[in-house]
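Protein chains: 2
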Amino acid sequence: MGSSTQNGVVDKGVDFANYFCTYGFLYHQKEMLCDRVRMDAYYNSIFKNKHHFEGKVVLDVGTGSGILAIWSAQAGARKVYAVEATKMAEHAAELVKSNELQHVVEVIEGTMEDITLPEKVDVIISEWMGYFLLRESMLDSVLCARDRWLKPNGVMYPSHARMWLAPIKSTLVDQKMNDFEGSMDDWYCFIDDTKNYYGVDMSALTKPFTHEQKKYYLQTSIWNNLHPNQVIGTPVIIKEIDCLTTTVDDISNVRASVSSSITEENARLAGIAGWFDVHFRGSSENPAQNEIELNTGPNEDSGTHWGQQVFLLHPPPRVQRGDDLKFNFSMIRSKENHRLMEVDLDIEIKQSSGKLLPQVRNKFFIE
Amino acid sequence: MGSSTQNGVVDKGVDFANYFCTYGFLYHQKEMLCDRVRMDAYYNSIFKNKHHFEGKVVLDVGTGSGILAIWSAQAGARKVYAVEATKMAEHAAELVKSNELQHVVEVIEGTMEDITLPEKVDVIISEWMGYFLLRESMLDSVLCARDRWLKPNGVMYPSHARMWLAPIKSTLVDQKMNDFEGSMDDWYCFIDDTKNYYGVDMSALTKPFTHEQKKYYLQTSIWNNLHPNQVIGTPVIIKEIDCLTTTVDDISNVRASVSSSITEENARLAGIAGWFDVHFRGSSENPAQNEIELNTGPNEDSGTHWGQQVFLLHPPPRVQRGDDLKFNFSMIRSKENHRLMEVDLDIEIKQSSGKLLPQVRNKFFIE
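Going down the list, the sequences are from chains Y and A.
Counting from 1, one number per residue, gives the positions in the first sequence under full-length UniProt numbering.
Counting from 1, one number per residue, gives the positions in the second sequence under full-length UniProt numbering.
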C-alpha cells in the first residue's frame with residue numbers, strides 16, 4: 001500500500017494522489033507558463049514550422065491549461081486533440097473557447113492510456129519533460145500515444161532529447177553537510193533528553209535515523225540553476241533519445257560510461273550536475289524548416305523551472321585542470337514510485353600525472 | 001481518482017499515499033517526541049496513574065516509535081499491544097527490544113480496522129489528535145479499537161477532549177492579504193505577457209485562479225503558536241467529546257452556536273483561533289488518581305507542535321470591549337479527503353451599544 005506500483009502495475013488512485021494532483025492547480029500551470037525558455041522554444045518550434053501544422057491533425061499529450069493545443073490550432077491545424085488527466089481539462093476547454101478555437105481543439109479529460117481518438121494524427125506534441133528529463137516518467141504516456149495514434153509518417157514535438165552530466169563547484173556541498181550534521185547533533189540531544197526525562201533509551205534508532213537523514217540531506221539530488229562558471233569540466237552526454245523510435249524499456253534504465261576533463265585550474269569537485277536538452281527537428285521524411293532547441297543547462301541569462309539536478313559528493317575531492325573523470329552512471333525507476341528515480345554514480349579520477357584515485361561509489365535519489 | 005474516499009469507502013492505497021506516509025519518517029516521529037507539553041502529559045498520565053496499568057492489558061493505537069507502549073510496560077502492564085500501520089512498526093519493535101520489554105510489548109504492523117488481538121484490553125491509549133483535534137480523523141481508528149477490544153470497564157487514555165474557539169488579533173491577516181494581492185498582481189502581468197508575447201488570451205482563467213489563490217491564502221487555516229495576549233475575547237468551547245461513548249457520526253459533523261465577549265479595549269478582530277485540550281480522567285467506574293490535562297491553547301512559555309489553527313477574517317472588523325460575538329460554527333470532513341476538514345463560520349457582532357452588525361459568513365479549509 002502507498003506504492004504507485006505493485007508487481008509492475010500502476011495503481012491509478014495512488015498515482016493521482018502522488019503525482020497528477022499537482023497539475024490540477026493553476027498556480028503550478030502558471031509557473032510553467034512563465035518559464036520563458038520553455039515557452040519560447042515551443043512557440044518557435046510551432047510557428048517557425050507551420051508546414052507541420054497547417055491542415056494537420058495534432059495530439060497534445062498532457063495539455064494542462066491547453067497552450068500547446070491552442071498554438072497548434074493558431075498555426076493552422078485542422079484538428080487538435082488535447083488530452084489531460086486532471087481537472088485542468090475543464091480550464092483548458094474554457095481557454096480554448098475564449099480564444100475561439102473550439103471548432104479546432106477538442107479537450108479530452110482522461111489518461112492517454114485510457115482514452116480513444118476517432119482518427120490517427122500527423123503530429124504528437126507534448127511537454128513531458130521532468131527534472132533531469134525523465135523524472136515523472138511522463139514520456140511513457142507520449143510513447144503510448146505514439147504507438148497507438150501517430151500516422152506512419154507523423155512527427156514528434158519534440159523529436160529528440162539528450163541527458164547531460166558535468167562536474168561542478170558549489171558551496172551547496174558545505175550547506176548540506178552542515179544541515180546533516182546539525183540534524184545529527186539535535187538527534188543526540190534528543191536521545192539524552194528522552195533517556196533523562198522520560199526513561200526510554202532511543203539509541204537503537206540512531207542508525208536508521210542517520211540513514212534517513214543522510215538520504216535526505218546528502219543523497220537526494222538538489223534543484224539548482226547553476227551559473228556556467230560553476231561548471232569545471234567538459235559536459236558529457238549520457239543518453240540520446242529519438243522520440244520516434246525509443247521505447248519504455250529504453251528509458252527505464254539509463255546506463256552510461258563516459259569521461260569528462262577538468263577545465264578549471266584547481267577546484268573542489270562539489271558534485272555532478274545533470275540536465276537535458278530537447279530538439280524539434282521533425283523526422284527525416286518530414287524535417288523541420290527551422291530546428292529549435294530547448295536547453296536547460298547552466299545559463300548566465302535565463303534559468304528554467306527545471307534547473308539542473310545536482311548530485312553532491314561528500315567529501316568533495318580536489319581536482320586540477322587536465323584530470324580525467326570517468327563516470328559510471330546508471331538510473332532506474334524507484335520501486336515504490338515509478339515516477340521517481342534512483343541513481344548510481346561511480347566516479348574515478350585519473351590525475352594528469354597519471355595517478356589513479358580510488359573509485360568512489362555514490363547512490364542518489366531524484367525525489 | 002485521487003480521492004481517499006469514493007461513496008464513503010476509503011481507498012487504502014490513496015490513504016497511505018496522502019496520509020500514513022508522513023508517519024513513516026523518524027524525523028517526523030522525533031518532532032512529536034520533542035514536544036514537551038505532549039510528552040509530559042502522556043508521561044504523567046501513565047506514571048501518576050499506575051493503578052490503571054499495573055497487571056493490565058493495554059492497547060496503543062498508532063504506536064509510531066512505540067513510546068506510549070513502552071511507558072505502559074514500564075508502568076507495570078502485563079501485556080501491551082502496539083499497533084502501527086506504517087513501516088515505523090519495525091523501528092518500534094527494535095526500540096521495545098533494546099529497552100528489554102519484548103516480553104510485554106507486542107508490536108503489530110497493520111491498521112486497527114484490519115488486525116485482530118488475542119484478547120480484550122483494560123486500557124486503550126493513543127495519541128490520535130491532529131490539528132484542531134479532529135484533522136486526520138484518526139479518532140475513528142481509536143473508536144474502532146474501543147468498540148472491538150475494550151473490556152466493559154476499560155478506560156480510554158485520553159478520556160475526554162474539547163475544542164475551543166477564541167477571537168484574536170494578529171498581523172497574519174495583513175501578511176496573507178498582501179500575499180494574495182501580490183499573487184494577483186503577478187497574475188495580471190502574466191495575462192498581459194502571454195497575450196503580447198504568445199498571442200493567447202488567458203483572462204478566462206482569472207476567475208478560477210482568483211478562486212484558487214483566495215482559498216490558498218485567505219481561506220486556509222494557518223498554523224500558529226499564539227501569545228496569550230493575542231486573545232482578545234473569552235475562549236469558548238464548541239465541542240466536548242467523551243472518548244468512551246462518542247461515535248464517528250458524533251465527530252464527523254461538529255456544530256455549535258456560541259458567544260464570546262471582547263475583553264480588549266479596542267482591537268481589530270483579525271481572526272478566530274481554534275485549539276483543543278484533552279484530559280486523562282479514566283472512567284467514572286475506574287477514575288484516575290491524578291487527572292492530567294494536555295492543553296494546546298495559546299501559552300506564554302511553551303507551544304506545542306499542534307499550535308493553534310487560525311481562521312482569518314478579511315477584512316478584519318474593529319471591536320470594542322463588551323462587544324458580543326456570536327459564532328455559528330460547523331465543521332465537516334472534506335469530500336475528497338476524509339482526513340481534511342471544511343469549516344463554515346458565521347460571525348455576528350452585537351456591539352455593547354446594542355447595535356447589531358450584519359452577519360459575516362466565512363468558509364475555511366483545514367488542509
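No wet-lab data here; the hints were simulated from the structure.
Some hints could be false.
One copy or any two copies: either way a pair holds, since identical chains are not told apart in the list.
[Stated by the list, open to error] In silico DSS-like links for lysine-lysine, alpha-carbon gap of 30 Å or less: (1) K12 with K355; (2) K335 with K48; (3) K48 with K195; (4) K326 with K215; (5) K87 with K335; (6) K50 with K215.
Quick rundown of the hints versus the structure:
| no. | hint | in the structure |
| --- | --- | --- |
| 1 | K12 with K355 | neither (52 Å within a copy, 56 Å between copies) |
| 2 | K335 with K48 | neither (41 Å within a copy, 47 Å between copies) |
| 3 | K48 with K195 | between (69 Å within a copy, 19 Å between copies) |
| 4 | K326 with K215 | within (24 Å within a copy, 51 Å between copies) |
| 5 | K87 with K335 | both (28 Å within a copy, 16 Å between copies) |
| 6 | K50 with K215 | neither (47 Å within a copy, 41 Å between copies) |
Hint compliance for this structure: hints 1, 2, 6 are broken, all remaining hints hold.
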